[in-house]
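Undergrad: All chains should be built: construct the whole structure from the sequences, respecting the hints.
Chains A and B are the protein sequences, given in the same order. Be aware that the first sequence starts at 495, since it is given in our numbering, and climbs by one per residue. Be aware that the second sequence starts at 495, since it is given in our numbering, and climbs by one per residue.
Incorrect hints may have been included.
Copies of the same chain are indistinguishable here, so a pair counts whether it falls within one copy or spans any two.
[As the list claims (entries may be wrong)] Below 20 Å or equal to it, Euclidean Cα-Cα: the simulated SDA-like pairs (lysine to any residue) are: (1) 1100 x 585; (2) 1100 x 655; (3) 674 x 816; (4) 745 x 935; (5) 972 x 1009; (6) 508 x 1131; (7) 894 x 823; (8) 745 x 734; (9) 646 x 1104; (10) 972 x 1012; (11) 1030 x 682; (12) 1070 x 681; (13) 972 x 1005; (14) 674 x 770; (15) 1132 x 671; (16) 1100 x 903; (17) 646 x 1097; (18) 674 x 832.
In case anyone wonders, no lab produced these hints; they're calculated from the structure.
There are 2 protein chains.
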Amino acid sequence: MEKYTVTFLPDNKKVEVEKDKTILSASLSAGVYINAPCGGEGVCGRCKVIIKKGNVLTQAIGKLTPDERKRNVHLACASIVQSDLEVEVPAESRLNFEGLSPEEIQSRLRRDYSSSEDVELVQAADAPEKFSHRPLTEKIFLSIIEPTLDDKVSDLERLERHICDVLRVPAVTIGLSNIKFLGELLRSSGWKVTVTVGRRGDFFEIEFMEAGDTSARNFGVCFDIGTTTVSCQLVNLNSGEVLGTKATYNKQAAFGSDVISRIMHAQEEDGLEQLHEAVTQDMNQMIQDLIVEHQVDLNDVTGIVCAGNTTMIHLLLRVDPTYIRRHPYVPTLNFAPILRATDAELRVNPRGLLACVPGVSSYVGGDVTAGVLSSGLYRRDHVSILIDIGTNGEIVLGNKEFLISAAASAGPAFEGSGLSCGMRAAKGAIQKVAINPQDLSVHYQTIGQGIAQGICGSGYIDSIAEMLKAGVLDKDGKLRNVQSPRIRQNEFGKEFVVVFAAESQTKADIVITEADIENLKRAKGAIYAATAILVKHLGFTFSDIDTIFIAGGFGTYLNMENAITIGLLPDIERSKFNFIGNSSLDGAQKILLSADALALAGEIAKKTTYFELSVESAYMDEYMAALFFPHTDLSLFKSVKLL
Amino acid sequence: MEKYTVTFLPDNKKVEVEKDKTILSASLSAGVYINAPCGGEGVCGRCKVIIKKGNVLTQAIGKLTPDERKRNVHLACASIVQSDLEVEVPAESRLNFEGLSPEEIQSRLRRDYSSSEDVELVQAADAPEKFSHRPLTEKIFLSIIEPTLDDKVSDLERLERHICDVLRVPAVTIGLSNIKFLGELLRSSGWKVTVTVGRRGDFFEIEFMEAGDTSARNFGVCFDIGTTTVSCQLVNLNSGEVLGTKATYNKQAAFGSDVISRIMHAQEEDGLEQLHEAVTQDMNQMIQDLIVEHQVDLNDVTGIVCAGNTTMIHLLLRVDPTYIRRHPYVPTLNFAPILRATDAELRVNPRGLLACVPGVSSYVGGDVTAGVLSSGLYRRDHVSILIDIGTNGEIVLGNKEFLISAAASAGPAFEGSGLSCGMRAAKGAIQKVAINPQDLSVHYQTIGQGIAQGICGSGYIDSIAEMLKAGVLDKDGKLRNVQSPRIRQNEFGKEFVVVFAAESQTKADIVITEADIENLKRAKGAIYAATAILVKHLGFTFSDIDTIFIAGGFGTYLNMENAITIGLLPDIERSKFNFIGNSSLDGAQKILLSADALALAGEIAKKTTYFELSVESAYMDEYMAALFFPHTDLSLFKSVKLL
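TA: Given below as structure tokens:
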């Protein structure tokens, strides 16, 4: 297909795109972020750009004034590239990422470009299931009929009667703290009060009451608590709007990088308390930052939903996790009751609720359930796979009839942790890498266009694939003896220099060592092997799979082709891949906004079988076979052509 | 009918009884308390006495040895008086009342003599409704199947599954405190645990868990919280056995004698807290005394049921009672949710539950609901009345079709409070009085045969009736100018000396003043008028009433004839009266032992109409007419013949 070069001004960023791409799509490839709140649907008219040179095919959608048309202003989402172009992106059309976390940027981008075909291999997901709006906590304004001598029902029964009418339920529960001064509140407010009602499983509970109508101010937060990374969103519980997103490394990492070492630490004196405090500090800080940024009163934050792996949920709730790692690997809980947020020392409204997404087993937690919910895998006719690439790699295979899951200990490599120059997908992280096979020159792109600080997961995938393709890395993960300043010996083996000190923010070389490659090889091997064994276990081959959903904290970008090249993902039709980002956080958000989604998560967790890989001897064989790039059995990776 | 004199030895107490009474019955009349745990059924063989002189007709019931028969030992319950008798009551056959409260004595007596025909005018109540044994809290021992690799359900779900199986319910709720170390508890106990499950309305909650089988040790307490008197029972929740009973004056009396003055005090600074503390101190002290006496561990006390008037329940729960006395007289709550006992600062197991008996309105509380439940009035075909004579006099009229209630402010006179020589029905209280019309000599009987300390409610009723019959008191409540050392002028009017200083424990005369009589007249007038107006309001006359249940803290004894003579009770067939003692405490005990009884109490409370006397002009007329002994309209009291 014909290709054109699009140059974005004033950045002077160039990108080569196929004809028929939109300017919006091209801008993403170029790393120029254009504001398109409607997601490129052509309805908001915000993504205005000026065509300085070249031709575009523009849909007329009535968002431009005659004056703008005269000045050659176009909507980036509605303009198809027809030649080489020079495109000016005015300041008012840019996404302002100043002060935003990478995850927030990621989230905005995903929303903005969800219909863009340019995010590599990202498929349009199935139309997501619409859950009815039944948030965990709801504020209901009541104008109550005053008592008279003829209607002397007590204050409490009067209130309950009114709420039950509104909610159409036979009963609500209420605690003593709300009853104590109910009489005073009702009368001083002129019998006009706002009641915050929580959904606690099968029944409704009155959480707290306020005088007057405060129903417009009701917010919640949802979390994905990962072993390595904790992500958080602030959500308007009335509108469902996501106000902001934050992420941070889990402070528990100080006590070990994987769940096993955390569990071991929890058994030490004060260990459980230390782990609990570490993660809740992170969570409370993010809540605090979000409410300050969005000018939300902490008292108006009334509900929290947490998705996390089983160990993370135990530690959040200060529940002894010891038995997760003792035969026969049974956790204390997979289904936590709905609690008060303060039970876990989370600081929101003191009467606010906390729901944890139900998990499947000790090693397949609520984060996976939330991911299955988010992906829609559970309701598809055809068999699909969800691969959640995190410190623990979890795989779910199934359709609307059945779900089976497995977990592989991948380590935090793909989250950029535990590697010599690894970092999280945050500003300055190298996320895209290309290596010129001729001179081994490296072209890279960082998140937020910052000066390179380190390499994140997608950058490592690209780097290894590119090194393999350039012939400097062998299938076993050893760097070849190629004469180049980029390949050199260090104390423990060889290393490849991605960015020389002069160009790096740390003023030190950014390198990938053979030890890093070994680490990444084990991580990809564990995930591939687990996926392959699940597929085999059910008598399928990869060609039987309809869709593979890839979830994880890779930022905005994951190069599926390179992920196949290194053997992380199976070599199947590219259109079957669907990169869905942090599906755990997305599922948690759905659950925060709908009790139906929570109930569904429970059903998914109950329905999902757990397949224990550690007792499956075939798994070790599969894993050993996967400890090559892409695989010892090259017939499985026919499309991968390496030297 | 022929009468015989029975003399009890070594007390040398004499009593004149009709032929065909049992010795057990005679002993009660004589104030000699014989132990008869089976209630005089002839099955326990404990009430052994020795006939020293005279003849009895003895049923042979095989409880005596040949040697005992030789020594003329008989069972008091099975021996009918046939002549004048001298009966020795050996120490081992006596009820030991040392260290027992009067209410405990009363309770024991009621149990022991419930089949005795001698307690004046007490009718055998209807066979009480049998409620299924479903106590507020239940201890369930579980032997749980250990997890294996093939059965990896989490600890919590495993526990829940097992409990739900046992309880045959779909779900139970559980709080975080029980989850935290569940894993450790299950394993250290070898998967054998005792779970205390509470009934919280429609759902079950796991309150706490213990290793091993502790299910044999489960206790509860029930309270009747009166404005003047607080009564308490310790109950074995497994067997339903009442282990002990206590009563005390409500310390809140320091802040006013009636509910109105308590509510006023509650509005003062710290007033609510002071009132709350006063009553909970009383309650905690009684619990403490009972568990020490009966060697019960406080941790094994897992449930509390409180019956009390609406103000008492508000104060117990620290709920602002202000609006009870403000137009339109609506309380904050009639139906309290089931709470934790610690919510009200009651000291039992910290996870123990507290249920308050549902009330009808601001002035007809859960004590009345409990009384209706206890009396069985709610399920009778014919129309009956319950009169609960307390500081607030409550009346309920109805049958299985309808229930209507009213409240009359009687003051604490019948509880012995607020009178010059009044006292509670406790040891040393004069409870029976007879006056010789010839010489005005006074024969009296005290509770526990102690030296006279004061006069309790039933003693006042007797005294006034006897003064009326002796012609020293006119119908208006004024003492006549009769020449006698017993009638004399004091500072404010006349007074009648019941016991001279020499015979009294206080070494002061025990007197009844005209002010006392006025007080008692208003109390009886208020109760009679309220009863009469309810009867009229529904178009009945007293002759239409099938049964009148009299409840209140009169101790063991209430002379119905005298109560009619003074015009407290209506002049109807004596067999229609049924003295049921503290029916509020009895109802609370039933509710403690059966969730069905609690549900029924709720139905009773909802079904009961409240009839507001204060807005009924006819009530004042009726009350004024009742301010005479027995009444201004003597045609209503035809059987009362006074000089």
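Undergrad: To test your reading of the hints: which numbers does this structure violate?
TA: 1, 4, 6, 7, 8, 11, 12, 15 and 16
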